[in-house]
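Under UniProt numbering, think of the first position of the sequence shown as 1, with each following residue one higher.
Hints are computed from structural coordinates only; laboratory data are not their basis.
Cβ coordinates follow ideal geometry from the N, Cα and C atoms, glycine included.
Incorrect hints may have been included.
To be verified - Straight-line Cα separation of at most 27 Å, DSS-like style, residue types lysine-lysine; simulated pairs:
#1 Lys276 <-> Lys307
#2 Lys310 <-> Lys345
#3 Lys388 <-> Lys373
#4 Lys276 <-> Lys218
#5 Lys290 <-> Lys276
#6 Lys255 <-> Lys387
#7 Lys523 <-> Lys559
What the hints assert, rightly or not - DEER-style ranges, computed between Cβ atoms:
#8 Asn106 <-> Glu292: 44 to 54 Å
#9 Val480 <-> Gln68: 39 to 49 Å
#10 Val377 <-> Glu224: 48 to 58 Å
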Amino acid sequence: MFEFIRTHQRLMQIFLAIIIVPSFAFVGIGSYKSFGDDASTIAKIDGKPLSQQEFDNAVRNQLDTYRQRLGAQFDQKMFDTPEFKQNIFDQLIAQRAIAAEVIHNNLSVSDAQLQKAIIDMFGGPGAFDKERYIAILTAQGIRPEDNDARMRRDMALQQLATSIEGTGFAPRTVAKTLSDIASQEREVQELLLPVADFVPQVKVTDEMVKAFYDKNSKFFEVPEQAKIEYVVLNNDAVMSQVSVTDTEVSDYYAKNSAQFTTPETRRASHILIAVKKGASAADTAAAKAKAEAIVAELRKTPGDFAKVAKAKSEDPGSAEQGGDLGVIEKGVMVAPVEAAIGKLKQGEISDAVQSEFGFHVLTVTELKPAVVKPLDVVKADITDLLKKQKAAKKYSEMAETFTNTVYEQADSLKPVADKLGLKIETAANVSRTASPAAGAAAFNNAKFLSALFSNDSLSSKRNTEAVETAPSTLVSGRIVEFKPASKRPLAEVDAQIRQRVTMEEAAKLAAKAGEEKLAAFKKSGDATGFGAAKLVSRSKPDGINGLAMQSIMKADATKLPAYVGVDVPGMGYGVYRIGKVQQPATADEAQRKSEADQIGNLLAQQEMAQYIEFLKQKAKVKILKPVATTTTVTEVK
1 MFEFIRTHQR
11 LMQIFLAIII
21 VPSFAFVGIG
31 SYKSFGDDAS
41 TIAKIDGKPL
51 SQQEFDNAVR
61 NQLDTYRQRL
71 GAQFDQKMFD
81 TPEFKQNIFD
91 QLIAQRAIAA
101 EVIHNNLSVS
111 DAQLQKAIID
121 MFGGPGAFDK
131 ERYIAILTAQ
141 GIRPEDNDAR
151 MRRDMALQQL
161 ATSIEGTGFA
171 PRTVAKTLSD
181 IASQEREVQE
191 LLLPVADFVP
201 QVKVTDEMVK
211 AFYDKNSKFF
221 EVPEQAKIEY
231 VVLNNDAVMS
241 QVSVTDTEVS
251 DYYAKNSAQF
261 TTPETRRASH
271 ILIAVKKGAS
281 AADTAAAKAK
291 AEAIVAELRK
301 TPGDFAKVAK
311 AKSEDPGSAE
321 QGGDLGVIEK
331 GVMVAPVEAA
341 IGKLKQGEIS
351 DAVQSEFGFH
361 VLTVTELKPA
371 VVKPLDVVKA
381 DITDLLKKQK
391 AAKKYSEMAE
401 TFTNTVYEQA
411 DSLKPVADKL
421 GLKIETAANV
431 SRTASPAAGA
441 AAFNNAKFLS
451 ALFSNDSLSS
461 KRNTEAVETA
471 PSTLVSGRIV
481 EFKPASKRPL
491 AEVDAQIRQR
501 VTMEEAAKLA
511 AKAGEEKLAA
521 FKKSGDATGF
531 GAAKLVSRSK
541 PDGINGLAMQ
551 SIMKADATKL
561 PAYVGVDVPG
571 MGYGVYRIGK
581 VQQPATADEA
591 QRKSEADQIG
601 NLLAQQEMAQ
611 YIEFLKQKAK
621 VKILKPVATT
631 TTVTEVK
């Protein structure tokens, strides 16, 4: 949600990428959430158990994450593999081993450090907005205390990462060598033998067409298709059947007025006369007298507040800004200061207010009173909210009726459509796999299509069960017409095959001719027939095909001229003559630095991975049960 760790950012990204998947099972530094060391224990890390239940929760949470990312394209069967489960198991062990190292090294984060990190996310104390902070967390379903634990964990991990920062660097000789290879230039001449030039030489027979047809039958398959009917029960369908009266809107407005009120805001400034902790009574009295003198001065010329603050305030954080504290949020300032600001009128100068930091002289520079939005302005929003509340309740009732009706009267969708006021939709050319062309259509869902093309639905053309394809969305359908998979007849695809075979045979002739020329050139060193010389490099191919460039730059150029032959699919055969190899006249220092940084990144990743493996050994990881046999990936709803 916020990027609060700015120093050591590169290494932290590598560190977290290796060990952290969407938060699960790792419950804060200093403690493990364990269900006991018993028969359910599948591993021990640093002497502490990892339970089967913790692992199963991790699997479910990871599946939920993929389901949200993939939406309708999510297919749980893709993840029901030993590799998927082993990967999560390894990540859990790595997390526990790192947590153990953090604990053993007494790496901790104080309340003050945590508070500063949170406030810094907003740009500092003057810009911190506590209500916005909580609102952002709430929108993501995160409790403030859980976010505090996550941040403490990440900040402790940062301390650990910092301890090995700088180990991943590229030696200058290695970086220079790799950079030289990347920037090397080669003078090249091209001789291209296009496929089109050999087409007239090709004679395609009926036997060649039949052989291609038989060998590549999958190219000519027509997948099974069905014409279907389906009905959808979702929030939109329910919303169309609920209404809200003006009386209900007015009642809600009256009972929830705070929801439509923009609260009062106060922007304040202060002048601090600091008092050290443990100061004598005389020093405290002197500071108070100084503050009271400033009060008297400003009550005569309140417009000079900013100028006086710059000259006399002992708060280095706000003095340069004329004492500006920004908009005051509840709970951010110390209690006496916050209370005093709340009582001031705009432009009024306070008495000297004592706090744990000293004596404050305060003023409110901007005061915006609370504003209540009139009913007419928010009526539409309230109506929509109440409709959604009613629809949610009505959906539960309708869902039960929907589920029972499509099952009990399975020969038709008309009964459920009539009973619940739903529309029967149709779709043609539907197959058992979701189609990108159908987009977000309700029927274009892997789970629904699996039910639709089940043996029972295909053979009897009965309604499918009610399938939940998304939250608060049920779909049932039936097959009206079905066409099994078939193969297009040869006569229908004859012309297409002849064209394909012609190009393939022409490409073979081009390659044969090119290879003969290549052999001759290697013997003679001749340049006859080649195009003009051009200087190319990996970053500047100058129009040469990518496959050809790879061969050109990899070719042995210790003896020049060197020749390379490349079969370029769909184009023909290219012969390339390398006449010169050189480095650029001037080195691009910015590029060299970028390449060195990239090499350093790769080395840092490798070293970090090795470090984590070391931590796992140090934590004396014991695997008690093979994870691949301990659980089954179950459907999560």
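Hint-by-hint comparison with the structure:
no., hint, verdict
1, Lys276 <-> Lys307, "holds (25 Å)"
2, Lys310 <-> Lys345, "holds (22 Å)"
3, Lys388 <-> Lys373, "holds (22 Å)"
4, Lys276 <-> Lys218, "violated (85 Å)"
5, Lys290 <-> Lys276, "holds (15 Å)"
6, Lys255 <-> Lys387, "holds (17 Å)"
7, Lys523 <-> Lys559, "holds (13 Å)"
8, Asn106 <-> Glu292: 44 to 54 Å, "holds (47 Å)"
9, Val480 <-> Gln68: 39 to 49 Å, "violated (34 Å)"
10, Val377 <-> Glu224: 48 to 58 Å, "holds (55 Å)"
Hint compliance for this structure: hints 4 and 9 are not met, and every other hint is.
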